[in-house]
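Chemist: Number 264 marks the last residue of the sequence shown (full-length UniProt numbering); no jumps.
Incorrect hints may appear among the rest.
Keeping only pairs whose Cα atoms sit at most 30 Å apart, straight-line, the calculated BS3-like set for lysine-lysine is [claimed, not checked]:
| # | residue 1 | residue 2 |
| --- | --- | --- |
| 1 | Lys217 | Lys110 |
| 2 | Lys245 | Lys169 |
| 3 | Lys217 | Lys108 |
| 4 | Lys110 | Lys17 |
| 5 | Lys206 | Lys247 |
| 6 | Lys247 | Lys57 |
| 7 | Lys108 | Lys245 |
| 8 | Lys247 | Lys169 |
| 9 | Lys108 | Lys57 |
| 10 | Lys245 | Lys217 |
| 11 | Lys72 | Lys108 |
| 12 | Lys17 | Lys169 |
| 13 | Lys206 | Lys110 |
| 14 | Lys169 | Lys206 |
| 15 | Lys72 | Lys57 |
| 16 | Lys17 | Lys108 |
| 17 | Lys57 | Lys110 |
| 18 | Lys217 | Lys72 |
| 19 | Lys108 | Lys169 |
| 20 | Lys217 | Lys206 |
| 21 | Lys110 | Lys72 |
| 22 | Lys108 | Lys206 |
| 23 | Lys217 | Lys247 |
| 24 | Lys169 | Lys72 |
| 25 | Lys169 | Lys217 |
For each label pair, taking beta carbons as the anchor points, the in silico distance ranges come out as [what the hints assert, rightly or not]:
| # | residue 1 | residue 2 | range |
| --- | --- | --- | --- |
| 26 | Asn77 | Ser205 | 42 to 52 Å |
| 27 | Lys17 | Gly131 | 26 to 36 Å |
| 28 | Phe76 | Gly181 | 29 to 39 Å |
FYI, nobody ran anything at the bench for these hints, they're computed from the structure.
Remember, it's a predicted structure, so these values are computed and weren't measured experimentally.
Every residue gets a Cβ at the ideal spot worked out from N, C-alpha and C, and that includes glycine.
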Amino acid sequence: MEEKFKNHPKKPHPLQKIWNRHPGFLKNETGIYKMPSLEKLIGEIFSVGEYYYYTIKLTDSTLSNHHENILKMHGFNTPPQHLSEIIELVHPDDMNFVQEAEQMSVEKMKEIGFEHLMQLKTSYSFRMRTGSGGYEMFHHQSVPTLKSENGQLLEAVNIHTNIHHVAPKNNYFVVVSGIGGRSDFHRMSWPGKHLEDNQENHILSKREIEIITLLAKGLDTTEISEQLFISGHTVRTHRRNMLAKTKCRNSSELISKAFERGYL
Numbered sequence: 001m002e003e004k005f006k007n008h009p010k011k012p013h014p015l016q017k018i019w020n021r022h023p024g025f026l027k028n029e030t031g032i033y034k035m036p037s038l039e040k041l042i043g044e045i046f047s048v049g050e051y052y053y054y055t056i057k058l059t060d061s062t063l064s065n066h067h068e069n070i071l072k073m074h075g076f077n078t079p080p081q082h083l084s085e086i087i088e089l090v091h092p093d094d095m096n097f098v099q100e101a102e103q104m105s106v107e108k109m110k111e112i113g114f115e116h117l118m119q120l121k122t123s124y125s126f127r128m129r130t131g132s133g134g135y136e137m138f139h140h141q142s143v144p145t146l147k148s149e150n151g152q153l154l155e156a157v158n159i160h161t162n163i164h165h166v167a168p169k170n171n172y173f174v175v176v177s178g179i180g181g182r183s184d185f186h187r188m189s190w191p192g193k194h195l196e197d198n199q200e201n202h203i204l205s206k207r208e209i210e211i212i213t214l215l216a217k218g219l220d221t222t223e224i225s226e227q228l229f230i231s232g233h234t235v236r237t238h239r240r241n242m243l244a245k246t247k248c249r250n251s252s253e254l255i256s257k258a259f260e261r262g263y264l
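Throw the hints in and build the complete structure from the sequences for me.
Modeler: Pasting the structure below:
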């Protein structure tokens, strides 16, 4: 593989080998293709707990544009400058999953087509050390923000949300979903990890997944109906059906179950 296609972090980390296996994924170019506004990106995340974000430059794994919450949530005195500092927060027992999840994400994006990178989001969960010194479950979302004129990813925004209060156990699912107009939804389970009640794993329809995703973003019935171009009555019917299917009592339980089952 040519050197210009490789990730050269200023501080080595376990994910660089995974990224470097896919020459179409990364490239050391400076040409700007597209960079969505931060406000638009934040609209793609879930508002179920405290969160922070940062921009990662994929060519050298340096970080910038940190949200201030990263300091108090992890006990940093100053914002971390390299991805290796974030990876050091991952629970040792979850590191294998994080590496496999990243590999699964890149392979799925390759299958879809790297030309669609800017409209794909990856997500999965793992435990991270907090400012108190203990470990809690965080939901990781990665949204591409910058790619070269030749289509290789240069930068992305990573968003970490503390979901310990709604889903303290890892579901070991990896999700690649569409954003910005794409409707992709690919939910992959980590080999060797299975849920006990497998019959519940695939009970939600595509439309129901769309609705629960918008619920997790904080939208109400009216806002969901406007975004999906369906009536409020239809949204309410779907919500009732989802509660019945998942045996949940309210939307909070439904969102929690969605995280547990890997829909989000």
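Chemist: Give a verdict on every hint.
Modeler: Here's how the hints hold up against the structure:
no.: 1; hint: Lys217 / Lys110; result: 27 Å, holds
no.: 2; hint: Lys245 / Lys169; result: 21 Å, holds
no.: 3; hint: Lys217 / Lys108; result: 24 Å, holds
no.: 4; hint: Lys110 / Lys17; result: 16 Å, holds
no.: 5; hint: Lys206 / Lys247; result: 19 Å, holds
no.: 6; hint: Lys247 / Lys57; result: 43 Å, violated
no.: 7; hint: Lys108 / Lys245; result: 29 Å, holds
no.: 8; hint: Lys247 / Lys169; result: 19 Å, holds
no.: 9; hint: Lys108 / Lys57; result: 21 Å, holds
no.: 10; hint: Lys245 / Lys217; result: 21 Å, holds
no.: 11; hint: Lys72 / Lys108; result: 34 Å, violated
no.: 12; hint: Lys17 / Lys169; result: 28 Å, holds
no.: 13; hint: Lys206 / Lys110; result: 22 Å, holds
no.: 14; hint: Lys169 / Lys206; result: 25 Å, holds
no.: 15; hint: Lys72 / Lys57; result: 23 Å, holds
no.: 16; hint: Lys17 / Lys108; result: 17 Å, holds
no.: 17; hint: Lys57 / Lys110; result: 20 Å, holds
no.: 18; hint: Lys217 / Lys72; result: 23 Å, holds
no.: 19; hint: Lys108 / Lys169; result: 24 Å, holds
no.: 20; hint: Lys217 / Lys206; result: 17 Å, holds
no.: 21; hint: Lys110 / Lys72; result: 36 Å, violated
no.: 22; hint: Lys108 / Lys206; result: 19 Å, holds
no.: 23; hint: Lys217 / Lys247; result: 21 Å, holds
no.: 24; hint: Lys169 / Lys72; result: 23 Å, holds
no.: 25; hint: Lys169 / Lys217; result: 21 Å, holds
no.: 26; hint: Asn77 / Ser205: 42 to 52 Å; result: 47 Å, holds
no.: 27; hint: Lys17 / Gly131: 26 to 36 Å; result: 30 Å, holds
no.: 28; hint: Phe76 / Gly181: 29 to 39 Å; result: 36 Å, holds
Comparing the model with each numbered hint stated earlier shows that hints 6, 11, 21 do not hold.
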